[in-house]
Structures are given as C-alpha cells and as structure tokens.
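K.L.:
As a plain string of letters, each chain reads:
There are 2 protein chains.
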Amino acid sequence: MPKFVYDFTEGNKDLRDLLGGKGANLAEMTNLGLPVPPGFTITTEACRTYLADRTVPAEEIATHLAKLEATMGKRLGDAEDPLLVSVRSGARFSMPGMMETVLNIGLNDDSVLGLAAQSGNERFAWDSYRRLIQMFGKTVLGIDGERFEEALEELKAGRQDLDLDAADFRRLVDVYKEIVKQERDREFPGDPREQMELAIRAVFDSWHAPRAVLYRRQERIPDDLGTAVNVVAMVFGNLGMDSGTGVAFTRDPATGQRGVYGDYLQNAQGEDVVAGIRNTIPLQELERIDPTSHHELLDIMARLEGHYRDLCDIEFTIERGKLWMLQTRVGKRTAAAAFRIAVQLVDEGLIGIDEAVLRCTGQQLAQLMFPRFTEGAANTLLTTGMNASPGAAVGQAVFSSERAVELAARGEAVILVRRETNPDDLAGMIAARGVLTSRGGKTSHAAVVARGMGKTCVCGAEELEVDTKGRRFTVNGTVVEEGDVISIDGTSGAVYLGEVPVVPSPVVEYFEGEEPAGELVAAVHRIMTHADESRRLAVRANADNPEDAARARRFGAQGIGLCRTEHMFLGDRRQLVEDLILAENPRERQSALDALEPLQKADFAGIFAAMTGLPVTIRLIDPPLHEFLPDLVDLSVKVATGAGTEKDERLLAAVKRLHEQNPMLGLRGVRLGLVIPGLFAMQVRAIAQAAREAGKARAEIMIPLVGAVQELESVRDEALKILDEVGVHALIGTMIEVPRAALTAGQIAEAAQFFSFGTNDLTQMTWGFSRDDVEASFFGKYLDLGIFGVSPFETLDRDGVGRLMRIAVAEGRATRPDLKLGICGEHGGDPDSVRLCHEIGLDYVSCSPFRVPVARLEAGRAALAGAESDTR
Amino acid sequence: MPKFVYDFTEGNKDLRDLLGGKGANLAEMTNLGLPVPPGFTITTEACRTYLADRTVPAEEIATHLAKLEATMGKRLGDAEDPLLVSVRSGARFSMPGMMETVLNIGLNDDSVLGLAAQSGNERFAWDSYRRLIQMFGKTVLGIDGERFEEALEELKAGRQDLDLDAADFRRLVDVYKEIVKQERDREFPGDPREQMELAIRAVFDSWHAPRAVLYRRQERIPDDLGTAVNVVAMVFGNLGMDSGTGVAFTRDPATGQRGVYGDYLQNAQGEDVVAGIRNTIPLQELERIDPTSHHELLDIMARLEGHYRDLCDIEFTIERGKLWMLQTRVGKRTAAAAFRIAVQLVDEGLIGIDEAVLRCTGQQLAQLMFPRFTEGAANTLLTTGMNASPGAAVGQAVFSSERAVELAARGEAVILVRRETNPDDLAGMIAARGVLTSRGGKTSHAAVVARGMGKTCVCGAEELEVDTKGRRFTVNGTVVEEGDVISIDGTSGAVYLGEVPVVPSPVVEYFEGEEPAGELVAAVHRIMTHADESRRLAVRANADNPEDAARARRFGAQGIGLCRTEHMFLGDRRQLVEDLILAENPRERQSALDALEPLQKADFAGIFAAMTGLPVTIRLIDPPLHEFLPDLVDLSVKVATGAGTEKDERLLAAVKRLHEQNPMLGLRGVRLGLVIPGLFAMQVRAIAQAAREAGKARAEIMIPLVGAVQELESVRDEALKILDEVGVHALIGTMIEVPRAALTAGQIAEAAQFFSFGTNDLTQMTWGFSRDDVEASFFGKYLDLGIFGVSPFETLDRDGVGRLMRIAVAEGRATRPDLKLGICGEHGGDPDSVRLCHEIGLDYVSCSPFRVPVARLEAGRAALAGAESDTR
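In the order they appear, the protein sequences are chains V and A. Residue 1 is where the first sequence starts when you use UniProt numbering, and the numbers rise one by one after that. Residue 1 is where the second sequence starts when you use UniProt numbering, and the numbers rise one by one after that.
Don't read these hints as lab results, they were simulated from the structure. There may be inaccurate statements among the hints.
It does not matter which identical chain is used: a pair holds within one copy or between any two.
[What the hints assert, rightly or not] Simulated crosslink set (SDA-like; lysine to any residue; CA at most 25 Å straight-line):
1. K721 x P210
2. K820 x A336
3. K781 x A653
4. K647 x Y215
5. K656 x E406
6. K656 x R147
7. K820 x G460
8. K781 x P677
9. K781 x G142
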C-alpha cells in the first residue's frame, strides 16, 4: 500500500504532484528550519483513492495526528488544553471553486472553555469557535454563507468587530448552531475527529465541484490529478494586539522595484485580511510594532528568495510575538515586474540569463507594448469593469452601431457603449476605437469579438446604466451623453470621463530604434538580445506595403513571410478588377490584366526596396473574385427599387453568377489561377520584373489553397517558364492551409520548395467553422462550457491543427530534406503557438509587424526551454 | 545488365509489367503453340532506360532480329525477298495518345520490287510501301495525317480503294516522299534498320506525349512505368481475296450470349477495319469463304477461353489461307454480358463462384438498375450525343431554367435543352427530368453537375442547333419547339422525338421482390446471393421516412445508417420552426419545441415500425437554422420595394441576424444543440418515447459535426439523462465529418459508442471546397487538367479523406475496442469507396436505398478480393 500521509518533515518542494503546491512548500520551509506550525499532508493519491471508493486512510491520519499531538504536547479538542488544527486544500494547480480552508477544528462546547482558560482570552476562544461553525457550515455542510453573515451583522448592530465581546460571540455560537440545525437537519458535530474527517472528505469532494470541473476543462488540467489536504496545527493572530497576520512579497510585484512589500493586520486571522474588515497597514510599520518579528521576517524572506531564486509571496501569522510561516510560493507579478525582476536576479547572481529569458513571456511583452494612459492624469474615474481586451482607447461615447459607423466615417474617434453586444453590432465594433459594455463577462460576445479584433474592450461595467434610446449612460450620478468623450483602459478595466492623454509605450519606442533608457527598457533590451542569440526560429513579418515592411524590419523581422496581393486590387484599381470580372472574351480579359500588370510591378518594387537582401514571400491572389464586387443584397435592392443604372444591372448579373453559398469553400486561391487564364501569369511576371530591377530582391512565390500536388504542378510549370523568360530566380512554394495539403504533404513537396502554414484557414477547415461567422455566435458559449480553453484562432490547437502540421513537416521533409518551412497565419505572433512551431521544427514564423518582438522573444524561450529539456 | 529484349518464346502472360499487355499475350499464345508471327518484345525497362539516357539496346535488338531473320529465312529489307516487320507499342495499361503501330517496316525503293516479285502482286507491294511512308510519316515523323489522306483522296478522284492499281500506288509513293521532304526537310529513310530504330524510339518517346501524360494523370497511372515495343514479322491480309483480317470475341460482349462473335474484312490490313473503308462481314460468313481457317479460328478461340478462363477478344489475319493470331486479351463487355458470362463460366466449370462475383462490378450492377427505353420503339432517333449521365428521361423540351422551374412546379416533366449550361441553370437542372446540350464534353458543366445530381444527361450533341430565343432546336431538318416531347438516353447518348416508353429494369423488379426470371436476372441473383454470403461489411440505408425505409429493407438494407431529422422540419411545420427562431424568450422557445415534439415522435415511430428489429441511426438536427427561413435577397427586395408585411420585416431581421458568410462553416450541428437550449433534448425525448412505444426498436442517436470530445460529452450527458427518464436504451455516437474529429478520434471515442463517417462534409472540409459551389465552377476544368481522375464527391479520395478515416478507425478502436464504425456519406454507395471502407475495417456502409444492392455486391467483392490476397 502506498504511503498516503506525509509529515511536513518528510516532504519537499519537488513533490508538488503528490503533496500539492501548498503542502510541498510547507515541507520545504520546514526543512529549511523556518518556523512552520507542525502538520502533515494527505496526498493527492489518497484523494484519487477516495474518489474511487470513498475511503480515507484513517489509520495513517490517526498515526500522524498522534505524532502532531505529541509534538505540540496537546490533544485535539482536549477539554483542558485543546490542540486546534486547520484543514486546507492544496492541489498541484490552484483552482477556483474548490474548498479552501476550515480553521479551528477541535473546538466544541467543552474545549472552547479550555482554550479560553489556556489563552486567558475568553473573547478569543468564543470568536474562534463561532468562526469554526461558520466556516464548517459553509464549506463542509454547504450552507449559504449569507445566513451566517446576516446573523453576525444583526448581532453587531452597527458596531465594529473589535467592539464585540465574549458574550456576543457566545451568543453567536448558539445562533450559528441553530442555523446548522435548520439548514441541514443535524447538530453541528462536537467530536473533533469527526470534524476533521468531514473536513478532509469535503476537500476531496470539492475536486468535483462544478466550478472546479469547469475550470479544469477550460485550463486543460487533467481531471484525475486530485487534491492534497494539509492538516496544520493552529496558530493565532487574533490573540490580542501583539498578534496579527499578513501577506508579503519579496519584491514589489506591481512594478518590480527592489525591496519587500506587504500588508499586516493586527489581532486578526487570515481570512480577515481577505474580507477587508479593517484596513491593513504597510509591512514597514511592523518594524515599529514588533521589531523582532519584523527582522526575522525580512531574514526569512531573503532566505526564501535565495532558495527559490525568484520573487516569493508568503502568508504569516504572529502569535503573541512569535512569527509563524503559513505559506509561500513563487509570486505572480505584472509584465513590467517580470522583466525587471528577471534581470535583477541575473545581476544578483541568483539566476543565469537563460533562466531570465525563460521567465519573461511573450504575453507580458505584448502587454508592455500597448499604449497607456498617462499616469496621474486628473480625469474622473467613472467606474471599473472587466479588462476584456487590453489597450487604451479614447473617443466620443456612441450608443448604436449605425452611429459608430457614421461618425467613424467622418474620421471621428468613438467608443461604442452598449448594454451588451450582438452580431448586429459588428460593424460598429469595427468602426469604434473601443467597446464598453455594462453586462457580460470575459466570454461575452463583446469580449470574444473585441479580443479577436485586437480592439480595446471593457465589459461588464455593472455600475453603468445604459439608456440606448436616450443615447446616454449614467454611472454613480454622472450622466454621459452621446458625443461626450470617455477613455477606457482595457488593461485595467478603468473607465474615465474625458480624454486621458495616451502615451506610447517606451518599449515600442525602443523597438522603433530609440536607445534603451530606464530600468524597464534596459531589462527588455537585455532579455531580447539574449532571446535573439538563442533562438533557432527566424522571425518574419506579414506586410503588404513598403511602410509596414520597413516598420517590421525595424522591429527585427528577417523577411516578409506573407505579402498578400489582394489588397493591392482595391481602391482605385477596383475598376480594373471589375473589367476583368465582367470581361466577355479573352481579349477584354487580357486588356484588364495588361492594365493591372505595371501597377502590380510597382507594388512589389516598393516592398523589395524596403526588404533589400531579405526574403519576401508573395502570395498570389487568394480571395473569391466577388469580394471585389458590390454586395449582392445591396445591389439587388438597388436594381429592384429602380435606383440602379444599366451598369448596375450588368454588375448584378456578374455578382449573381459569382455568388457562392460558402465563398470560403469556393472558387479562390489556386483554383482561380487555374480557371482564369493569365491571372497568375500576370502576377508572376510583375514579381519577376520588379525583382530583376530591384537587384538584391529575394522573391518567393507562394501559391494559396493548394490541396493536391497536381494543382501546384500546373501553376509552377507556368511560373517557371515566366521566371525563365524574365531571367530571374525565385523560390516557388505553397501555403499549407487545407487539411488535404497537410495529409498529402509528401506528394506536394515534390513540387514545392517551401511550405508556409496558413493556420487561419487550416484552423477553419480542420474544425469546420469560419472565424467570421462563429466567433460571434458561439465561441463565448464554448469558452463558458470549457470546450475551448482559448479560441483556436488565437492559439494553435495542438491536437487537431498541430497534428496536421506535424504530419506535413515530417512528410514534406522526407520528400525534400531542404524544404523551407514557415507559418504565416495569425498564430505566428501568439506565444504558445510560436513554441509549437519551434517544437515541430519550422524554420520561421511570420506575424504582423507589431507582433515581431513577441515572436522573437518566444522563439528564444522555446529554444532555451528545449535546450533545458534536452540536457535533462 | 538486365535483359532488355525477349523473344515471344521467352515470355508469358504474367510478365505484363515487363512486356506490356500485348507482348505478354503474344508470348503466351506462342507458347500455347498458336500461329503467332515470330517476333520479340523490347521491355518497359528498356523504355525507362531510354527515357533517362536516350540509348536503345541496339546489340540485343540486332541479335533478336538476326534470330527472327533466321526463323523466317528472310533478311529485313532484303532487295530480293524482304522480311517486313511491324513495330507496335504495348504498355501495361492501354493508353490513348501513344504511338500505336508502324506496319511494313523494311520496305524501300529496292525491297518493294522484291516484295512484288515474291508475292506476285505488284499492287500489293506498292500499296504496302505507301502505307509504310504514310504511317511512318505520321507517327514517327509527326507529320499531319491529313496531308497523306488528302493526297490519297486526290489520287482516288472518287474511286474505291479496290479500284486503284499498282501504278496509282507507285505514284502515291512519290507524292508521299515529297510530303515528307516538304514537311520535315529530310528524305524518307530508306535504310530498313534505321526505319526500325526510329520507330522504336518514336514509341518510347510517345510515352511522354501530352495526351498520354494527361491520361495517366487522370487515371492515376504512374508516370515511370514506360511502354514495351513489339517487333513482329509482318503477315499480310491484303494479298488478295483469299486474305483478310478480322476481330472476334469468344462470346457476345454486348449481351453475353454464348457463341463467337466478330467481323471480317477480305483483302485488307488491320487499320482498314478500324478506318471503316469498307463494310465488314460477320464472322460466320468466313465459314463459307475459308472453312479451314474458320474452323481453326473457332478452335483457337475455344482454347484461348479455356486458357484465360474468360471472354477473350482477338485480332487475326489470314494470309493466303493461312491463319495468324496478332493479338488477344481479356475482352471488355457490357454490364449485362458481365453478369451472364460470369455465371456461364461457373456453369461451364471454368471458374468458381468467388471469381464470378469478383468479375461483376457494382458499377455494372448500377447500370442494370437504370430504367430503359423500350427496345424497338418506333420513335425517330434525332441524333446521338455523349452519354454523360446514365438513365432514361422523357419530357417537354424547354430552353431556359426559368421555364423548366415553372413547368416542373406544375407537375410537368421537362427536359432542359441548352447550348451549354452554367451556374445560372442550376435551378432548371434540378427541376428537369434530364439535360441535353449541344456543346461540351463529359467534363462540361452540364455533365459534371448532372452526374453529381444523378440526373440523366446527354451532352455535346453537336448536330443540334439550339435557338434559345426562338425556343426551339433544329436537328437534321427536324424542328423541335418548346413543349414538344423528347426522350433522351443518358446511357447510350441517343435523343428521340416523342415519348419513348420507359420500362423499369427487371433487375430492380427482382430486388423489389419478384422471382428471378430470365438468364440475366438469374445471373444477378446468383452473384448477389454469393456476395451476401461472402461480405463482412453490413449494408444499411439512408432514409428519412417510412416509405424509403421499407424500400431499403426490401433491397436488403440491414438497418438505417442515417435518418436525417431536418427534412422533418419543413412543409407545414415550417411555421413552428419560424416560431422557434423568432422566439424572444425561453417561454416562447419552449412552446415551439413542445409543439414540435409529438410531431417528431410520430416521425420516428413510423421509421421504427418499418425497421423493427434493425438498428436505426437518427441524426439530430444538423443544418443552420436560416435554411428554414426565406432567402435574404428575396426578402430584402420584398421589404425594400414595399411589398412586405410587418411579419416580413420581423422575419428579415431574423434572417439578417442568422445570416452567415459561410453557413457550411457556421452555427450548425452540435453547435446549435449547445447554443439553443432544449432543441436536442426535444429530439432525444421524441426518439426515446417513440422507441419505447415501438417495442423492438433499436435506436442509435447520432450527434453531427462534433470536432472535440467536450462537445459530445455535453450533449451525451443530457441525452443519457433523458433516456434514463424515459427508460429506454439507445447507443449514442457521433458523425466524423470535420477533420479534427478524425484527428482526435482517440479522445472522441471516449464519449462515443459509434462513429459514422460523414464523408460529404469530410470531403468538403478536407479539400476546402463546398460541393454546391465548386462542382459547377471548376470541377470540369480540374477533370480536364487531370487534377482529379474522378470527383472526390463521387469516390472517396484515398490519400486525403481516406487517410483521415484510417486514423480515426485505428485510434477510435484503440480507445474503445467495440466501437461501431460506419459511413453514411453518399460514398457509401460508390463501388470504389465501399472497397476502401472494407479495407480500413468499417462495420457497415450506409447509402441511398437504391444503391443498397450495389453496396452489397461491392462489399462481397471486397471481402473476396481480400481473401484472395490473404491466401497469396
């Protein structure tokens, strides 16, 4: 039989799988000789056994409890001098929805008197007892916590908690017991061992609590890990003003500034800090109140940081001047703090630069690149909602999609304010600088769609009363009318009245070429430099014009991975495209193509100039032709109502002819090239001529939407002939964006010199949903249900799309060992996806220019993480 | 060095890969002791070597030629008594576009005189010489054959070929030589060995002729097989009226009737039969002309059939009363002949019943199931076009899609007649019984779309002059006006005036339950009986109503593999569905669902009754909801022009809200079930209650469009609760129709008791094209270009879709060994696809009721073929 219970002296921090995070760190601190209250951990394995057959390892627990009693010289629930314990859950990953803690186990009508006598503090003893019943009732027996809160409020009748005396709490104990009897038709259990066992079972059971299950599904945490339980001897921060409890960080987790940082609350137990019943005091003030404990605490924190080699956060309690450590873990931090602390730790010799890079994520870097509101601006903070999509946006409040579109068309900046959004608001969301809603969470329509668009969004700002008809909202007495300017901070969720000045990110300015200045930018510089030195993946950018190409190059792009040519067919060239589509014979078609060719050539010349010496991958035209024509519904209505011209009628006929039920799955990409004679040839000739004239151009011609090698062969043969005629060399390759291309990559590689994974389309077709249509209609629901942890359009779906990519990489390279492999879908700039691209062995990732630094960092981290796991 | 040249005495029929079909069979006949002119075969391996380095195995050829000369006692091109040879290509597969044959090699200005002297027939000698120059000029030198034909016609000046004399042909030789000089700026080569080598090289080179390359691409024949070349001593059918040439079959390949069958042409060479310069006579008449040869021929044919154990076709020549066999192979035959002959051979003890089943294809059975026109009806045959899509259709000729729709709506049968069709004609094609066009081949829009629909089509009937405006067509002087009745035969390509009576297929009547009568039906019965005994795959049907279910059962279906529920939401229930979609709150939604539930229950009750004791797989609702609402364009126009009611305006809002750019990739299938509360629950409850009341019902509930196991889990949990409440057992499984489902089948099988491959959607998403949109717009072009050999919507694409299926089968079964696996896409009734389903280990295929017999046969053949290859 496995060992199901570990004393704190038996564990260590590497046993997180077995002991949970909390138990492993308590054991680690115990072994470091730090003042941790004695206790033991019941393992996750015991939990798994319990969940299978409802048994708990009662004997082992009894043995360890006996040892604990011996250590403490007290017996659990003893009537004279009771040992009290807390029962706390502690899984491998912290998980909302699971039972957290029951304190003061061991108290009953007898032992409360013993505690009063021993502590010499009757008020404390009865307060502890009512806390036990309250917590036990709520978390173990599942009684609505409001029942207890209401009873407490009634008793206080407006007094502060410190004003209550022992008699008050004794009365409250009776009321609480009565609540238990009413709600659960049973007595509160007076037997301390029964209390402990029920609490342990409750922790185990909470593994299957709906919120915990949902959270695991969303976070892809396996369902069969189980949670550990920690049973710890109680120490008391609420024994008087020489006692207290606090939380602390070894450095400032908000800014990354050196020096400890924390809060302390005198005469209180841990949950009081969280509940915010009184204001905490800064940790520094503890030096004045209890210099010995303060000094010891600083000492311990320095040791912990040295030991964990990272920012730690801790929970501690002082019981009558004696310091106890209740918890520690590596602390969460902001993006800026992450970079600063990582570099500080390098300078302090605690970690190497490799490790520092591994500790700064691309996600954090991206956060540092958003523009921010000036700190200390004098604007009124109207309210705070959920930070649904980061960024800073300023504009006039508008209350309908139509109005947003109308004002935006005039060049005005607007913020779309709605109770909640729905698919009808899509046009308005596109037109607005930012979106603000009063309802809905982070998976609401507004939040999902805004994140998809990269648009600033604050949602669920519940204090807002939105009056759509009256075109105004009211918040805490302030009325904001349509046209009034507001500012929303999608990173913090803050909503301000008036225009808050926006400052560009200093990190972006650094990427744009400014010298590194300030500790943060200097830290970013060092991290980026080492990431670049370490990475194996090249980073390219997706850019369709010389300006974007030049910016991408400044941001560190090593080429263009995707230059789309369809955008070049819009604007004043739309007329030529219409001519091409309306052509009634080969002559008319050719003359439209001839007119387009010099324009295309000029497009490419500009990009080649911006990227001299670097590879530029140009994708031949991809979307269905009708995207260049007017909308079918609009045109039908125009013609039907007699408002159309003769040309409109001809256009309508063409639009109808080209109309497709599912244009995403229609005549586009290579299919267009094969069906419309001369179209691809025109583009290839324009590329070839521009490349020849540019001198150091490195053109790569990319064929979209190939599903069978025969398609590619046809186009390649034609393209090679043209390149040969012009006398220019260029690589010819293909997108891998329909599942069949990945599944037959071994064949396709016979005709392709490179593959570029078009993961937007590949995701659409692998899952069978189109981004435009479904993000709005059901992604929110899917995120809520935990079907996705994250939208597969944001982060590559490893099991589906990722698997196709692996197949294509392996089989493509088997056919052609020097096959060049890249990705040009939007995933190319997503941190998790960059890691996957490194793992599966791509040569480069390509992403929007702004995302290039994120990709560089993540590529470096992926290489370093890989190197780390290689040497293990 | 490999052996590159084989004498006919050295080969045999199993060496087809090396010697080609023709060479292998010539060797086989030689070894049987049949009178084959001596000769040798240059191997396909020699061809591959030649294509790599342009060398021919000259020495080996010379050795074999010397041996041939010794055997014949003549020398090639000898001036006194020349040996002449033919050079004929012969690949593993016969292939249009490749060089076929050059006869009479060895003739020049000297040897022609020797031939004349030896044969005593000057006319014959000069005719042979001019034939050599003509064939050599055309096929070896690539000169347009018209040049020679014109010269011949000019010389004939209206006379028959038998009227020409030696002087005429001698003059023609001069003219032909002059043509060669003009066209190729070289003399016709007089050296016999040069003639032979050039001819051999030309055969090898023709492997890369564009038509041959295209054909191989279309037929998926590997490009690197190469062709063999046969060099054969010439024998002459044109030495006088005691000579001749013919083709024959050992049984009637058209009907399968016992007894030989063939054509004979006196005083002619083989190519004259093909060119049809004179009428052939039936083989029987040879008995009168040359009873010895006739008797010997019948004898040989009997031996060949016994040896090949199948219908053989042969080419033969009689030279002055001496019979020579020039070729034999297993002969092609019609569908009816295939069944009859297979069973005859069983009865004759030549083959076993397993072999007989393997020789009758599902494709042939399907042909036998089409209705046919009564034979011998007195209708005028107007013309014959291409047999683009089989069947027999009768109806009024109409000349526009609109008119077709209009008349069909009134219940009239129409045939849509167009010059060619385009996507605008789609509605008309759906409305019509058949389609007739005057232009375009078998890959034209009309042909591709009609085959996709299973609609009768004759295309490219070039004699038709279609006058769309005048609503009439003219053919050979007959004018057919709109409304006149015509009949088209998609199996033969014939077009008749008036109504030809259609007779149902006797094979269908047999499947419907009639006793087998007649040799054909008896043969079908025996083949089907043994196929059923042999197959491992079960066959189910796709049926949505009790009538189809009952018919499917009569046709041998062992259950329903797909019962679609969305069709049940149309008709007079559309109103309820509109209520469901327009519901503004949960109460309204629930009341629409409550109204639908008893109707659904009745639907299922009927199907369960028809299929008592057999499994019925019911798919929960799949298509996007807006399919149940009016068309967006129509409704927009109606409202914009003021013709809409208040309800139309509400409807328009709903249609706009539900509008999707790509509905195929939108809110449908399981997504609908998860987003609309109560919809799936209503359906499951209706199924459960109908099943409980039906008694012996075996319901299987199928969830469409699952891409992730989490989706299925959610729906399954809800369904299991309802089944439990109703107290009914049913399997719960899923379609595998998005690529991700196949790629994560190992996970999905955790929640699924069965998989059914929805290969229509799976094909769409794997290739990234939607059937509705692309068949019309580019499939014809793709077939022409050889990108497909056959539409992937007709026959499963092995490399793409098939690979996903293999993955899903292997990984699904690894998770759940008793996972039930089937297919319910339209491929379930396609012969090649059934074979693939057998190979990858499915448990059943499901197809339309009419296709059930085809699937049964192919399942049997697949099992027998598998068994055969297992014992090899």
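K.L.:
The structure should be examined with respect to each hint, and the outcome stated for every one.
P.N.:
Outcome of the hint check:
1. K721 x P210: Close across copies (17 Å), not inside one copy (64 Å); limit 25 Å.
2. K820 x A336: For K820 and A336, neither the intra-copy (36 Å) nor the inter-copy (55 Å) Cα distance is at most 25 Å.
3. K781 x A653: Intra 40 Å, inter 23 Å, cutoff 25 Å: inter-copy only.
4. K647 x Y215: neither (57 Å within a copy, 44 Å between copies)
5. K656 x E406: between (28 Å within a copy, 20 Å between copies)
6. K656 x R147: The answer is neither: 66 Å in one copy and 48 Å across copies each exceed 25 Å.
7. K820 x G460: This pair counts as neither: shortest intra-copy Cα distance 46 Å, inter-copy 47 Å.
8. K781 x P677: So K781 and P677 pass the 25 Å test across copies only (12 Å; inside, 45 Å).
9. K781 x G142: neither (28 Å within a copy, 69 Å between copies)
Comparing the model with each earlier hint shows violations of hints 2, 4, 6, 7 and 9; every other hint is respected.
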